[in-house]
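Novice: Listed below, chain by chain, are the residues.
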Amino acid sequence: MIYLILLPMIAALFLIAFVRERTIRSSYTAISMAFLSFITSAAMFYAYFSDNLIENYSWFKIGGYSFQISLIANNLHLLMAVVVSFISLLILIFSIFYMRREKQKRYYFEMSLFIFAMLGLVISDSLILFYIFWELMSISSYLLISFRYDKKPASDAAKKALILTKIGDVSLLTAIIILFANTGTFSITSILSSLSTIPQIYVISASILFVIAALSKSAQFPFYVWLPDAMEAPTTVSALLHSATMVASGVFLLVVLSPLLQASGIFPYLLTVSLITIFISSLLALDSVDTKRILAYSTIDSLAFMFLAVATLNADGALFYLIMHAVFKSLLFLLAGELLILFGTRNIFRLRADRIGKPIFYIPAFIGLASLAGIPPFLGFFAHAALSYNFSIGVELLFSIATFLTSLFSFRLFFTVYRYKGTGRVREDITAKIPIIILSVLSVAGGFSLFAFNSIIPISYSFGLFLLFDSIVALLGMSAAYYLYFNRNVSYAWLGRRLKSVFRGWTYDRVLTTIGLAFTRFGDMVGSFENTLRILVDKLGSLSLSLSYHSRRLQNGDLSSYMVIFIIGVILLMILLLGSVKLW
Amino acid sequence: MVDLVYLLVPGILGILALYLNKAANLRIRASWISYAAMIATVLIFVSGVITGFSGFSLVISRAIDFSILFALNGISLPFLLLAVLLPILIFPSRRYDIPEENTLFDTMFLLVYISLISMFMSSNLLGLFMFMEIALLSAFAMIFLWGNRNSFSSAMKFLIFTQISSMLILTSFLMIFLYTGSFSLYAMQSILRSMNPAYLIPIFSLVLISALIKFPVFPLHEWMPDAYFDSPTSITSMLSGLFSKLGGYVLLLFIVFLMPRTVSYFSTPVMVLAAVSAFYAAFVALSQRNLKMMFSYSSMLYMSVALLGMMSNNPIGIDGSIFLMVSYGFISPMAFTLTGYLKSQTSTDDMSALGGLMRKLPLFSLFFVIAVFSSIGVPGFSNFIGEFLVFLGAFKYNPVFVAPILSLIIATAYYLYSIKRVLFERFTSAVKKLHDLDAAETIQMGVFSSIIILLGVLPYIIINSINLGGI
Chain A
3 MIYLILLPMI
13 AALFLIAFVR
23 ERTIRSSYTA
33 ISMAFLSFIT
43 SAAMFYAYFS
53 DNLIENYSWF
63 KIGGYSFQIS
73 LIANNLHLLM
83 AVVVSFISLL
93 ILIFSIFYMR
103 REKQKRYYFE
113 MSLFIFAMLG
123 LVISDSLILF
133 YIFWELMSIS
143 SYLLISFRYD
153 KKPASDAAKK
163 ALILTKIGDV
173 SLLTAIIILF
183 ANTGTFSITS
193 ILSSLSTIPQ
203 IYVISASILF
213 VIAALSKSAQ
223 FPFYVWLPDA
233 MEAPTTVSAL
243 LHSATMVASG
253 VFLLVVLSPL
263 LQASGIFPYL
273 LTVSLITIFI
283 SSLLALDSVD
293 TKRILAYSTI
303 DSLAFMFLAV
313 ATLNADGALF
323 YLIMHAVFKS
333 LLFLLAGELL
343 ILFGTRNIFR
353 LRADRIGKPI
363 FYIPAFIGLA
373 SLAGIPPFLG
383 FFAHAALSYN
393 FSIGVELLFS
403 IATFLTSLFS
413 FRLFFTVYRY
423 KGTGRVREDI
433 TAKIPIIILS
443 VLSVAGGFSL
453 FAFNSIIPIS
463 YSFGLFLLFD
473 SIVALLGMSA
483 AYYLYFNRNV
493 SYAWLGRRLK
503 SVFRGWTYDR
513 VLTTIGLAFT
523 RFGDMVGSFE
533 NTLRILVDKL
543 GSLSLSLSYH
553 SRRLQNGDLS
563 SYMVIFIIGV
573 ILLMILLLGS
583 VKLW
Chain B
349 MVDLVYLLVP
359 GILGILALYL
369 NKAANLRIRA
379 SWISYAAMIA
389 TVLIFVSGVI
399 TGFSGFSLVI
409 SRAIDFSILF
419 ALNGISLPFL
429 LLAVLLPILI
439 FPSRRYDIPE
449 ENTLFDTMFL
459 LVYISLISMF
469 MSSNLLGLFM
479 FMEIALLSAF
489 AMIFLWGNRN
499 SFSSAMKFLI
509 FTQISSMLIL
519 TSFLMIFLYT
529 GSFSLYAMQS
539 ILRSMNPAYL
549 IPIFSLVLIS
559 ALIKFPVFPL
569 HEWMPDAYFD
579 SPTSITSMLS
589 GLFSKLGGYV
599 LLLFIVFLMP
609 RTVSYFSTPV
619 MVLAAVSAFY
629 AAFVALSQRN
639 LKMMFSYSSM
649 LYMSVALLGM
659 MSNNPIGIDG
669 SIFLMVSYGF
679 ISPMAFTLTG
689 YLKSQTSTDD
699 MSALGGLMRK
709 LPLFSLFFVI
719 AVFSSIGVPG
729 FSNFIGEFLV
739 FLGAFKYNPV
749 FVAPILSLII
759 ATAYYLYSIK
769 RVLFERFTSA
779 VKKLHDLDAA
789 ETIQMGVFSS
799 IIILLGVLPY
809 IIINSINLGG
819 I
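Read top to bottom, the protein sequences are chains A and B. Note that the first sequence ends on residue 586 in the numbering used here; no numbers are left out. Note that the second sequence ends on residue 819 in the numbering used here; no numbers are left out.
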């Protein structure tokens, strides 16, 4: 099983050690290794189907404690591995088109590092190994966001992202410490099977910390501000890390640990937080004018949907949504990246080239956005069926409002960008089109996999009255977006404006910046206290010097003579000691 | 079997050779002699690790039980590894601020080298004290001889603080001698362990205060920023890499072997102090705009964390603190060496005057990023294991003491600030012509990074060499 994660690691090491800059070889190395990873994970998925295999490796021992790392092969983890390696492969292929003018070696090294970390994360059964890969993902995300490091927004965004996710990393590490101190093992399966032996207070505190970790990694309220800024990264990075895989690892963590969280009774709070996140993010998406930022807010929105499902004891529904989301969201990001490369802007009102309105552009975009909005029969519709299985009536109502908003901002994007009829010529690039076509086909047809999914992981879904209502609401959102945004050249329709005025006081980002600044100020205060202390110590020194001025006349104050006296003293002492030996 | 005293032979021969070279005007480059002596020591050390070490004893005075007694105890091997290996990696940084041919510097460096090795091998407390003093006094001389303009006052401050610390520790050794009639760790261990732990509180508190000065820990750290800042790069690296571990090593001897039951009287207050110190150092580091100052306070942060681990007085915490001390003992010299290189290139280590170096100095940037990531505890680098074990140990002592883990978030903030200011964004240095690391510096940094990664991936190299069972 370890070979699965070794492949991308070999690619990363090979890239950093041997491959020279500005050669095509780096992309081929990374892609071939990602392809091999995909084949391996698919083969493993096939080989270990309905199996539950755990591989243990002993790392080191202290006292009676054994620090073990273990990998797990079962349907859940290997399915995730297949999805991750598949999406990675497609995005790396797209990168040939997207990154051809950039630094190849660094990019493919960091992407391979990320794939290594993500694959390791989804197949690790030991919490410490989980943490290791979790943190490595943070680092590769930091490196990739700061890919264009000489631009200030990129360097700021990278720092912000890593500090905010570091809060989650530290929480995760603390939670692991709590569980290890109580159970003496890192193995998730053993911890979950011995839940009843852990004192309730530790179950609760560990759950809170796990949830904080997941919220920060998945960019949920109150941590979400790093994700829109992280859109400074190349779009392929946004597609892979900041929508399809890395940010979803927070959800994956909670899915894996859901029995623990259930025992702690934290789910009502998680439910509240995800509802808050859903409304904030969809309103902010409605307010943005940047394709990638809209998609970033929609990612936050979709991740909150998954947390909603986890909080309503429907972890498998969350997982299904996670996988479907990875498909259609990476499709949308790739489309945004293609538009950025071809037309040079991310602003939805400036994307006015007459070539955009061609079927080759708008059909995949429609498929992706319709999936996002949950319109039947696209992917999102089926995902909603799995997601909403356990919703109570109140959550159902709130969720349908969220569906409306999601549909509204999705089609706002669609009707604003693609409203012109296309006539001009556009350069086609096979490496850009293949991933988009594959993902579009999956987004149309992949939803039916819900019925087969049950044989992989037991899942409940309902195509009841609520889903009908939900899809009607989604269609309503689409029509509202058509009415509001199609054929209108104003930068904001009345709804957008009204919402903007309601949320004009919305300065959460600024609040966080202020908190950060407060910390810096506090640091400055401590720093100036430290300086005062230093001056005080110096003063104390000179005071004692002036006090000893009179007694100093005996000696000449020359340091070297002090040292001479000291050495003579030591020698005399030695002689005395040696003498005393003889006398004894 | 390799006799422990053999570890000193190359160093002593090296000092003699340096003297002969100078006196007889042989025109051999002084640094070559030093390298040869240190590499020979490493080879002896490696062969000793493979075949096993045997003890050495030379009685100087039976009356006061003063002898040169070399033997390994359960915790000395990791520190010995640091003392044998680290100076070789630090020595090349002499090029940044020491004149090319300077036999005195090389002699004193070798003197520090052998005295630190002897100190970590000494099983006689008086011998241990003697070697520690030689090392500290040499360090004092080196600070004021080769430091910058303010180095005399900094060196004096360093001397006063460390001498107070040494006096306290000597007093405690003498008190032990009064109780046990011996300075030998073996002889005193059984006697001290059979005594009522409450009687040992005065002795332990003297050792503790002495160690707190040497760490350094708030509020006894005032010698540290000046001494680190005003010293030449190589000496700053030695101070943060090795000298800050002396107090920790002596304290660990007392915690693990001599007075394990007395520690429980001190654990809680000292751990609170360590936590305060960690946050204090983190916040001060956050306010620094000078790279060298920032790394100095960062070193104080990690030493406070190490103190937290050893005071938790359980195997995980103690192993973690030893691991963290060794690991950060490699990381912080690496950071200081990079700072020294930066200053030699751009003639400043003020972060507000730097920027955009990643484009100009890719190799430097790679190693800078490695140093930063290993400091903030990224898995795969050695510090992660140390931090994790320390906080696990602290949690096992009392769940409250896992709280200082939050200081690592502040550490992340200032380290990322340094990356952003030094490597990212626009290139702003006044000096336009920069040279990236040359072959020697690349090798130096490469060895540093490989050790850090090796310890991070295979932590049992250190952990299996620790034996808390007995001396």
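Do not rely on the hints blindly, as some may be mistaken.
Not close to chain A: a few residues of chain B, all C-beta gaps over 12 Å, as computed [what the hints assert, rightly or not]:
1) Met-349
2) Ile-360
3) Ser-402
4) Leu-433
5) Ile-436
6) Asp-445
7) Met-478
8) Ser-538
9) Phe-552
10) Ser-612
11) Phe-614
12) Ile-664
13) Thr-696
Below, simulated DSSO-like cross-link-like pairs (lysine-lysine); rule was C-alpha separation at most 30 Å, straight line [what the hints assert, rightly or not]:
14) A/Lys-107 <-> A/Lys-154
15) A/Lys-105 <-> B/Lys-708
16) A/Lys-107 <-> B/Lys-370
To be clear, the hints were calculated from the coordinates, so they are not data collected in a lab. This one's a predicted model, so the numbers in the text were calculated from it and none came from an experiment. C-beta atoms are modelled at their ideal positions from N, C-alpha and C, and glycine is treated no differently.
Novice: When the hints from earlier in the document are held up against this structure, which numbers fail?
Specialist: Numbers 7, 12, 16, in rising order.
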